[in-house]
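S.K.: Going down the list, the protein sequences come from chains A and B. Just so you know, we're using the UniProt record's numbering here: the first sequence kicks off at 1 and counts up by one. Just so you know, we're using the UniProt record's numbering here: the second sequence kicks off at 1 and counts up by one.
No wet-lab data here; the hints were simulated from the structure. Note that the structure is predicted; figures quoted are calculated from it, not measured. Please note that the accuracy of each hint is not assured.
To be verified - Going by beta-carbon spacing under 7 Å, a handful of chain B positions derived as facing chain A: (1) 259; (2) 260; (3) 263; (4) 267; (5) 320; (6) 376; (7) 380; (8) 391; (9) 401; (10) 404; (11) 405.
For every residue, glycine included, the Cβ atom is placed at its ideal position computed from N, Cα and C.
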Amino acid sequence: MATIAIARQEGGRRRARLAQRIRANTSAITGGVILLLVLAGALAAPVLYPGDPLDMVAAPFIWPGTDRAHVLGTDMLGRDIAAGILHGARVSLVIGLVATLVSIVIGVTLGALSGFYGGRVDAVLMRITELVQTIPPFLFALAIVAILQPSIPSIVVAIGLTAWPSLARLVRAEVLKIRHRDFVQASISLGVPHWRIIVLDILPNTLAPVIVSASILVASAILTESSLAFLGLGDPNVASWGGMVGAGREVLRTDWYVATLPGLAIVAAVLGLNLLGDGLNDILDPQR
Amino acid sequence: MMSRRAFAQGVALLALLPAFSLAPSAHAAGEPRRGGTLNAIIQPEPVSLTAAVLAAAPTGIVGGNIFDGLVKYDLALKPQPELAERWETSPDGRTITFHLRRGVTWHDGKPFTSADVQWSLEHVWKPLNPRNPALFRNITSAETPDPHTVVFKLAEPSVALFSMLNGNGAQILPKHLYEGTNVLTNPHNAKPVGTGPFVFKEWVKGSHILLERNPNYWDAGKPYLDRIVFRVVPDGAARAAGLEKGDIHYAPLSPIPLRDAERLAKLPTVKVGTQGYDWLSPWLYLDFNVDSRHFKDARVRRAVAHAIDREALIKLVWFGFGKAAISPVPSTLAAFHDLEVPKYPFDPKKAEALLDEAGLKRGPDGTRLTITHDFLPYGEDYRRTGEFVKQSLKRVGIEVTLRGQDTAAFTRRVYGDRDFDLSSSWSGSFPDPQLGVARLYSSAFAGKNIPWSNGSGFRSAEADSIFKAVESEPDPTKRIQAWKRFQVLAQTELPTLPLVELRFFNVYSSRLRNAVTRGDQIFGALTEAWLDEPEKKN
Numbered sequence: 001m002a003t004i005a006i007a008r009q010e011g012g013r014r015r016a017r018l019a020q021r022i023r024a025n026t027s028a029i030t031g032g033v034i035l036l037l038v039l040a041g042a043l044a045a046p047v048l049y050p051g052d053p054l055d056m057v058a059a060p061f062i063w064p065g066t067d068r069a070h071v072l073g074t075d076m077l078g079r080d081i082a083a084g085i086l087h088g089a090r091v092s093l094v095i096g097l098v099a100t101l102v103s104i105v106i107g108v109t110l111g112a113l114s115g116f117y118g119g120r121v122d123a124v125l126m127r128i129t130e131l132v133q134t135i136p137p138f139l140f141a142l143a144i145v146a147i148l149q150p151s152i153p154s155i156v157v158a159i160g161l162t163a164w165p166s167l168a169r170l171v172r173a174e175v176l177k178i179r180h181r182d183f184v185q186a187s188i189s190l191g192v193p194h195w196r197i198i199v200l201d202i203l204p205n206t207l208a209p210v211i212v213s214a215s216i217l218v219a220s221a222i223l224t225e226s227s228l229a230f231l232g233l234g235d236p237n238v239a240s241w242g243g244m245v246g247a248g249r250e251v252l253r254t255d256w257y258v259a260t261l262p263g264l265a266i267v268a269a270v271l272g273l274n275l276l277g278d279g280l281n282d283i284l285d286p287q288r
Numbered sequence: 001m002m003s004r005r006a007f008a009q010g011v012a013l014l015a016l017l018p019a020f021s022l023a024p025s026a027h028a029a030g031e032p033r034r035g036g037t038l039n040a041i042i043q044p045e046p047v048s049l050t051a052a053v054l055a056a057a058p059t060g061i062v063g064g065n066i067f068d069g070l071v072k073y074d075l076a077l078k079p080q081p082e083l084a085e086r087w088e089t090s091p092d093g094r095t096i097t098f099h100l101r102r103g104v105t106w107h108d109g110k111p112f113t114s115a116d117v118q119w120s121l122e123h124v125w126k127p128l129n130p131r132n133p134a135l136f137r138n139i140t141s142a143e144t145p146d147p148h149t150v151v152f153k154l155a156e157p158s159v160a161l162f163s164m165l166n167g168n169g170a171q172i173l174p175k176h177l178y179e180g181t182n183v184l185t186n187p188h189n190a191k192p193v194g195t196g197p198f199v200f201k202e203w204v205k206g207s208h209i210l211l212e213r214n215p216n217y218w219d220a221g222k223p224y225l226d227r228i229v230f231r232v233v234p235d236g237a238a239r240a241a242g243l244e245k246g247d248i249h250y251a252p253l254s255p256i257p258l259r260d261a262e263r264l265a266k267l268p269t270v271k272v273g274t275q276g277y278d279w280l281s282p283w284l285y286l287d288f289n290v291d292s293r294h295f296k297d298a299r300v301r302r303a304v305a306h307a308i309d310r311e312a313l314i315k316l317v318w319f320g321f322g323k324a325a326i327s328p329v330p331s332t333l334a335a336f337h338d339l340e341v342p343k344y345p346f347d348p349k350k351a352e353a354l355l356d357e358a359g360l361k362r363g364p365d366g367t368r369l370t371i372t373h374d375f376l377p378y379g380e381d382y383r384r385t386g387e388f389v390k391q392s393l394k395r396v397g398i399e400v401t402l403r404g405q406d407t408a409a410f411t412r413r414v415y416g417d418r419d420f421d422l423s424s425s426w427s428g429s430f431p432d433p434q435l436g437v438a439r440l441y442s443s444a445f446a447g448k449n450i451p452w453s454n455g456s457g458f459r460s461a462e463a464d465s466i467f468k469a470v471e472s473e474p475d476p477t478k479r480i481q482a483w484k485r486f487q488v489l490a491q492t493e494l495p496t497l498p499l500v501e502l503r504f505f506n507v508y509s510s511r512l513r514n515a516v517t518r519g520d521q522i523f524g525a526l527t528e529a530w531l532d533e534p535e536k537k538n
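Looking at chain A on its own, in the form it has when it is part of the complex (with noise of 0.2 Å):
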C-alpha cells in the first residue's frame, strides 16, 4: 500500500513539474520566436531592403496595402516604411544589447566586488549604487543625449550607465549567498587570487538571474531609446522605431499608420523579450 502511493505522489510531482516546464517553455517560446523573428528582419534588411532606408523613394502617404512596391506605404517624405521598420530593428537590438552589455559590466563588477568583499568596500559601492538609483534613469538618460548630442554612441552610453544598479544590487546578493558555500571557503583557504574566485567560482553561479534580468533589460533599453528617438533626441541619421514614431505623431489625425507600425515593432520586440525572460526565469530557477 505504501509503495503504491508513494508511487502516485511520485507521479503526480513529476506531472506537475511537466506541465510547469511547459508552461514555462511556452512563454519561453512565444518570446523567442518573436525575437528570431525581429532578429530575422533585421538581418534581411540590407537583402530586401539595399540602400538607405531614409531615401524617398515613392510619393508621400501610400497608405498600407495599397502598393505593391511599398507593402506598408510610405510616410510624408515618401519613405518606404517597411524598409524603415527592418533597418530600424537593426538599430534598436544593437542599441539594446550594447547598452545591456555596458549595464552588465559595470553592474556585474560593481555587484560582485561589493558582495565578496563586503564591509567598507561594499558600503561605498552601495552608495554609489544607491546614488544612481535615486535619479530617475529616463531623465538621467535624457540629460547625458543632451549633453553629449545625440548619436549612437552616446545613447548607448546614457542608457549603460542608467540602467546598472538593479543589476549590482542582484549580483551582490547572489554573491553574498554563494560566498559563504564551501567551495568558495576552500579555495580562499587554498590561497588562490581573489579575482580567480569571483570570475571561476561565484560568478558562473550567478548567471541565470543576470541572464533573467538581461533580457528585461534589453527590452527597457530599447524602450528608452525609442522614448530619447520619439522626443527628438535620437539620432537623425538612421531610422528607429521611436524615430518614426515622433515623426508620424504630427500626421496622427490624418495617416495613423505611420506611427502605428513602427509602434507595434516595438511593442512586438519588447513583448518578446519580456516574454522569453520570464520564461527563463521559470526554467533557471532551481527553487521551482
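We have chain A already, so just place chain B on it with the hints.
M.R.: Same frame as chain A, now just chain B:
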C-alpha cells in the same frame, strides 16, 4: 384660438428658420457685430508681454493688442497713422516731425504725450532694441516743442526707419511708469500699460492671458470685441481639436502641424490663412560655413543649390505652406525683390558637374565628400527639412551627417565656435531688407557669436559698402538699385542659400471676421475684428 391653417403656416415658417440662420447674416454684409469673447491660442507662452525688450513672436502677438505704434502698416506695408496723425520729413531727410494724436490716454488714465516718445527713444529703442539698435542710434535727438509734437533729428537720412515704427518695432512705453527703473526688469513688462484697444487684465501663468476692451480707445467705437483670452495650450493635438470643435476662434503663428492644417482647412467652420505676416516676411535658408574645408569653394556651394529641389521640399516638408526662394530678399518685398539674380534650378547633373570641376570626384563608394548639417532645432518641420537636404545631397555624392541639439548648443556651435559645415535657420526680412537681411551678410557680424546674424561667415567689402550706402541713401530708387546689386552679389557668391519663403498661417473660426486688416497684423491689434453669431444648432 389658433386655426388649423394658421398653425400649419407657423410650422412651415419655423421650418424655414434654420435656413435663414445658415444664410449669411446681415453682419456679413459689412456691419460689424459688437461684443463677445475671442478665445485665442498663444503658443508657446510668452516670457514677457513687452516687445520693446523682447523680440519673441508670442510677446508681439499678445502685446500688439495692448500697445499702439506711431504708425501701423497697411496691407501694402505703407505706414498709416496710428498714434502719429501725420508726419513730415525735411528735404534733407535729417528731420522728421510727428504730430501726435490728441486726447490719447494710457490705460491707467494718464495722458499720452511727446515726452513718452522722447523717453522711449532715449531709454528703450536706442540702448535695448532687440532687432535694429543701429537704426535708432542714427536718431541723434528727439525734441518736444509741445506735448503733441515730437521731432527726430537724424545723423543720416534713413528711409528704413519708416518700416520699423509700429507698436512692435518701436514700442512706446509709458514714461511715468518706467522712468528711473530698470526697463528690462520693470514689473510692468508682465502687466503692461499701453494705449491700445485692449487693456491687460490678468496673466495666469500656464493657463491664460486676459485682455479686455479699452472703453476709452481713441478710435471711438472700436474695438468690437469685449474680451480676448489668449489660452496656453501646449499640446498640438488639443489645439487642433479646440479649433475643430469651434471652442477656439483664433490661433496665430502656425499653431498646429501642417498636415492637420491641410485637413482643417477643408472644414466649413474653420479657415486657414497666411495673411498678416508680410511685415515679418519670414524665409528659410541654409548657411554654408564659408571657412570650412569644402564650402570655401563657391562651386561646391552652387552645386548644393542645384541639388535641392525646392518645389519638392515645399510640397513634402512644408505641405505647400511656402514659395521657392530665389533671393535673400523675399518676393513679399515686391519693390526690392530681384527677379534677375543668378538662379539655381534643380539640376543634379549640373551639381555633379560642378563638384567634378571642384575636384571632388566620386570615391569607390560613390561619395565625393562628407559634411555635417546642423538643422535649426525648432521642431519637426526643420528636422524634416534637414532630412530632405541630407537625402538630396546624397544623390549627388555628398554624404551628410545630421546633428540634432538644443537651441543653446546650436547657436554656440554655428555663431560662436563655428564648428559646422552647413546649418539651417529662418529669419524675418521686414519691409526693408536693411532691417532683416543685411545682418545675415554683413561682415560686421561674422564670427562674433551674435545668434541669427551672418552664420555663413561671409566677408565682402562690396556687400558692406552697399549696406553702408543704403543706410543713408534718401532716394528710394537708388536704394532699390543698390539692393538689386546686393542680391546679384549674394546669389553669385552664395554664402547663404535661400530655400523657402515661409508662409506662416493662422487658423481661425469662420465666425471671426476682419482678423487681418493690416500687413503687420500678426504683431498688431485685433481692433477691427468681430465675431459673427454662432450658427444655430438644429
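S.K.: If a hint holds in the structure, say so; if it does not, say that too.
M.R.: Comparing the hints with the structure gives:
For residue 259 of chain B, the interface hint holds, the least distance from its beta-carbon to any beta-carbon of chain A being 5 Å, beneath 7 Å. Proximity of residue 260 of chain B to chain A holds as hinted, the smallest CB-CB distance being about 6 Å (cut-off 7 Å). The closest approach between the C-beta of residue 263 of chain B and any C-beta of chain A is roughly 5 Å, which is under the 7 Å cut-off, so the hint is satisfied. Residue-level restraint check for residue 267 of chain B is violated (minimum Cβ-Cβ distance to chain A is 12 Å; threshold 7 Å).
Taken as an interface hint, residue 320 of chain B does not check out: its beta carbon lies about 12 Å from the nearest beta carbon of chain A, beyond 7 Å. Against a cut-off of 7 Å between C-beta atoms, the interface hint on residue 376 of chain B is violated, since the closest Cβ of chain A lies about 12 Å away. A cut of 7 Å between beta carbons decides the hint on residue 380 of chain B: the least distance to chain A is about 5 Å, and the hint holds. Residue-level restraint check for residue 391 of chain B holds (minimum Cβ-Cβ distance to chain A is 5 Å; threshold 7 Å).
Because the closest C-beta pair between residue 401 of chain B and chain A is about 6 Å apart, less than 7 Å, the hint holds. Hint status for residue 404 of chain B relative to chain A: holds, with the closest Cβ pair at about 5 Å, below 7 Å. The beta carbon of residue 405 of chain B is positioned within 7 Å of a beta carbon in chain A (closest approach about 6 Å), and the interface hint is therefore held.
Checked against the numbered hints listed earlier, the structure breaks hints 4, 5 and 6; every other hint is satisfied.
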